[in-house]
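What follows is each chain in one-letter form.
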Amino acid sequence: MHPAFSVIFLTTLIGAAQGLFLALFSTQLYSELNILPNVSESNFYGIGAVVALILLGAGLLSSFFHLGHPERAWRAAARWKTSWLSREVIVLPMMMAVVFVYAVMHLGGFDSIAFSNNANINLSSSLFLGMFGVIIAFALFLCTAMIYACIKFLQEWSSPLTVVNYILFGMASGFMLSTVLTSYFSLTDHTEFLGNWAIILTIAAFFTRSASLYRNSRIKHKSSVQSAIGIRHNTIKQTSQGAMGGSFNTREYFHGKTAAFLKSIKYIFMVLVFPIPLLLMFIALDSGNTAIFAAAFIVQYIGLLAERWFFFAQANHPQNIYYQTV
Amino acid sequence: MTQLALIIDLNVCVGCSACVTSCKEWNTSGPAGFMSDDNPYQKDPNGTFFNRVQTYEVGEFPKTETVHFPKSCLHCEEPPCVPVCPTGASYKREKDGIVLVDYDKCIGCKYCSWACPYGAREIDEHQKVMKKCTLCVDRIYDESLPEAERKPACVLACPTNARLFGDVHDPDSHVSNLIREEGGYPLMPEWGTQPSNHYLPRRKTRFTIHQDELVRVDNPLNKEQKQHHEPVTSPTLDDNSFI
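Chains A and B, in that order, give the protein sequences. Quick note on numbering: our numbering labels position 323 of the first sequence as 323, and the sequence is numbered without any gaps. All you need for our numbering is the position in the second sequence, starting with 1, plus 1000.
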């Protein structure tokens, strides 16, 4: 497929935002259950939620550039019963609404204790909103990934690994981003907690992405030129494709780069997403330097842009069988 | 239920592209608006088409056969492009099974074109909506036209009768008979899309001619010779019997 940068930015930005929100919620849950110390900086959750909201908004804005008629985008909520894209269009604003209310509760001081017991556990009402947000965040991961995984003849995408990768990549980058905030606010225990989870999630993503790369490298495509035109002969050569100067079919479904370029992007993202951010995260956790936490997140995010580009470029659409000779 | 479809006979298609041009002519002048072109008369001509004719060479030289292969929307019975549409702009008509796009609802997200394994949909680069074959829905029900002309433009244009139009759900229709009796097949059956358009394969019509069918001879089976006997000179049993 031809990778569209609007979709690449959409999926990576909202993935990081959802991961950041999950990181904020985890921190709040652990703090309020007294597993981690209480967050001393009162604005941490609020500012974190604002950052997540900005990322979600940037992703939403980016998605509009993919549309031919952005002014009709509201119509896209109509077919949620059948279309994963429509479901995403509904769940993404829900996610933004939850994150917005979460930010307002923390920054505006509207939060209150909703539950407390004798063991000195006080759960705030924003935590209960956060639980709802967790469900929405995972639903959004599912919707985003299923847009690609549900097309069965795009065999590179049509796998549960697609969903797993979207979840793990989003969470890994979001947790990386959260360590920048905790480090900035000098929340040492929380930085360690979130940093360790960022490492675990990145390593987990390494294994699942490697699994999908392995799966895709030995994939056997079901369609052939024989099934495409229905002629049972081993030697079929296309001599014309019905258009002299190319067409939508030759532009939309092929990345237009050489196999060597495709391979180089694979190596680039495998280096930028996994070993470098992990190394930087180890160094940052050791030194506590906010800039190194930020570097780890930025390097991984750039790697994820390359990863998403490769994800689209690698998918071989069966219609390409009809367009072998320009 | 009716399912209108095209039958494309690869045995007689000569690849003249008359279907392509008449499709473009009819649909670019239709009520749904023009089908935009870029550089139509210059280098790298580009444009929106509902129907294109491709050419394949089957076999190894010199034992090859050239197959012209017209490709347009197959109006699948299970169209994968329809459920993925987020707005409902892409739909399949209950009445006659035609898969259509509502150009006023389409947001141009191109997701339906990703979900079509045949590459039958093309975005109009200027109107920014997805376009595809309509089976000339603005023509086949037009009662101001003579009944013989209420057919898709491509079908009327085909000089070799390689394109046929009819209801493939009616077992007695001409197109259903052709599918049944001439080996009509769907494209990429492995994806379960059940295309309504069918293709008829190349067919060889052969009959054997014997030498005696070419050269006229008298009494070709020599029947008299087999029955010929020498004249009998001696008395026979008949000569001696009086009863």
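Keep in mind that the hints were calculated from the coordinates and are not lab data. There may be inaccurate statements among the hints.
Only some residues are given here: those of chain A computed to face chain B with a beta carbon under 8 Å [as the list claims (entries may be wrong)]: (1) 29; (2) 83; (3) 229; (4) 240; (5) 247.
To give an idea of the chain A side of the interface with chain B (calculated C-beta under 7 Å), a few residues [as the list claims (entries may be wrong)]: (6) 61; (7) 78; (8) 82; (9) 85; (10) 234; (11) 242.
Calculated pairs, DMTMM-like style, for lysine to aspartate or glutamate (alpha carbon to alpha carbon, straight line, at most 20 Å) [to be verified]: (12) A:152 - A:32; (13) A:81 - B:1094; (14) B:1105 - B:1138; (15) B:1128 - A:71; (16) A:222 - B:1190; (17) A:152 - B:1094.
Owing to the predicted nature of the structure, the values given are computational and were not obtained by experimental measurement. All C-beta atoms in this analysis are idealised placements derived from N, C-alpha and C, irrespective of residue type, glycine included.
Results for each hint:
no.: 1; hint: 29; result: violated, 34 Å
no.: 2; hint: 83; result: holds, 5 Å
no.: 3; hint: 229; result: holds, 5 Å
no.: 4; hint: 240; result: holds, 4 Å
no.: 5; hint: 247; result: holds, 7 Å
no.: 6; hint: 61; result: violated, 15 Å
no.: 7; hint: 78; result: holds, 5 Å
no.: 8; hint: 82; result: holds, 4 Å
no.: 9; hint: 85; result: holds, 4 Å
no.: 10; hint: 234; result: violated, 9 Å
no.: 11; hint: 242; result: holds, 3 Å
no.: 12; hint: A:152 - A:32; result: violated, 44 Å
no.: 13; hint: A:81 - B:1094; result: holds, 19 Å
no.: 14; hint: B:1105 - B:1138; result: holds, 19 Å
no.: 15; hint: B:1128 - A:71; result: holds, 12 Å
no.: 16; hint: A:222 - B:1190; result: holds, 7 Å
no.: 17; hint: A:152 - B:1094; result: violated, 25 Å
Hints 1, 6, 10, 12, 17 from the earlier list are contradicted by this structure; the remaining hints agree with it.
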